[in-house]
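*Asks:* Got chain W sorted already, so can you dock chain P onto it with the hints?
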Amino acid sequence: GENVEQHPSTLSVQEGDSAVIKCTYSDSASNYFPWYKQELGKRPQLIIDIRSNVGEKKDQRIAVTLNKTAKHFSLHITETQPEDSAVYFCAASGQNFVFGPGTRLSVLP
Amino acid sequence: SQTIHQWPATLVQPVGSPLSLECTVEGTSNPNLYWYRQAAGRGLQLLFYSVGIGQISSEVPQNLSASRPQDRQFILSSKKLLLSDSGFYLCAWSSGLFNQAELFFGSGTQLSVL
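As you go down the protein sequences, you meet chains W and P in turn.
With the working numbering applied, the first sequence covers 1 to 109.
With the working numbering applied, the second sequence covers 1 to 114.
So that you can see chain W by itself, here it is in the shape it has in the complex (with noise of 0.2 Å):
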């Protein structure tokens, strides 16, 4: 089955400052990579998602990387702001769907 690697673990970064955060996956019938940002206590939402026709997708401050062929892809926030601090979590779907342990960000002022 789909095995997904998330690294950091956790990332501490100056407010303005740029984190990237990367996922690998394993099984390369996967073709739908969404991120979910989980504040504390509360539920995962969904912040972008990819898939595996696309290399690249944006939302204003955030973008996805996907690289099929080396099977990983990442999570880059620019301009970081004190509200971007939560636990984000990668995800990978192809026959299953399956989450990444999660890295826990935190932007400081």
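Bear in mind the hints are in silico, worked out from the structure with no lab data behind them.
Note that CB positions come from ideal geometry on N, CA and C, so glycine has one too.
Careful, some of the hints might be misleading.
[As the list claims (entries may be wrong)] Partial selection, computed: residues in chain W whose CB lies under 7 Å from chain P:
#1 Pro-8
#2 Leu-46
#3 Phe-99
*Replies:* Here is chain P on its own, set in the frame of chain W:
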């Protein structure tokens, strides 16, 4: 618009007691429904998913079970809780299965088994 309701928000149960968590979705028909568990500081583990009434797929063998008695109702149950069942349980729905659509999560149930 679609909404998902999950209750209770918190639950403290003794070891060996039964469990019933309920989730309902409004504003859509024939949703795909999911139960996830999140251990403290950990990722999201898929427990069960359902594509229709009475259709349940189990991802992880354990002492939990799920049922879907109505189109928009999903129930997570256990006959006897274990300490290891403690965690944050999230119900979710989507209009498509897995790789086809966004997952919308409920507000979660924090279960503590003592």
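*Asks:* Evaluate each hint against the coordinates.
*Replies:* Going down the list of hints, with the structure as the test:
1. Pro-8: Nearest chain P Cβ about 14 Å off; hint violated.
2. Leu-46: Because about 5 Å separates Leu-46 (chain W) from the closest Cβ in chain P, which is inside the 7 Å limit, the hint holds.
3. Phe-99: holds, 4 Å
When held up to the earlier numbered hints, the structure conflicts with hint 1 and nothing else.
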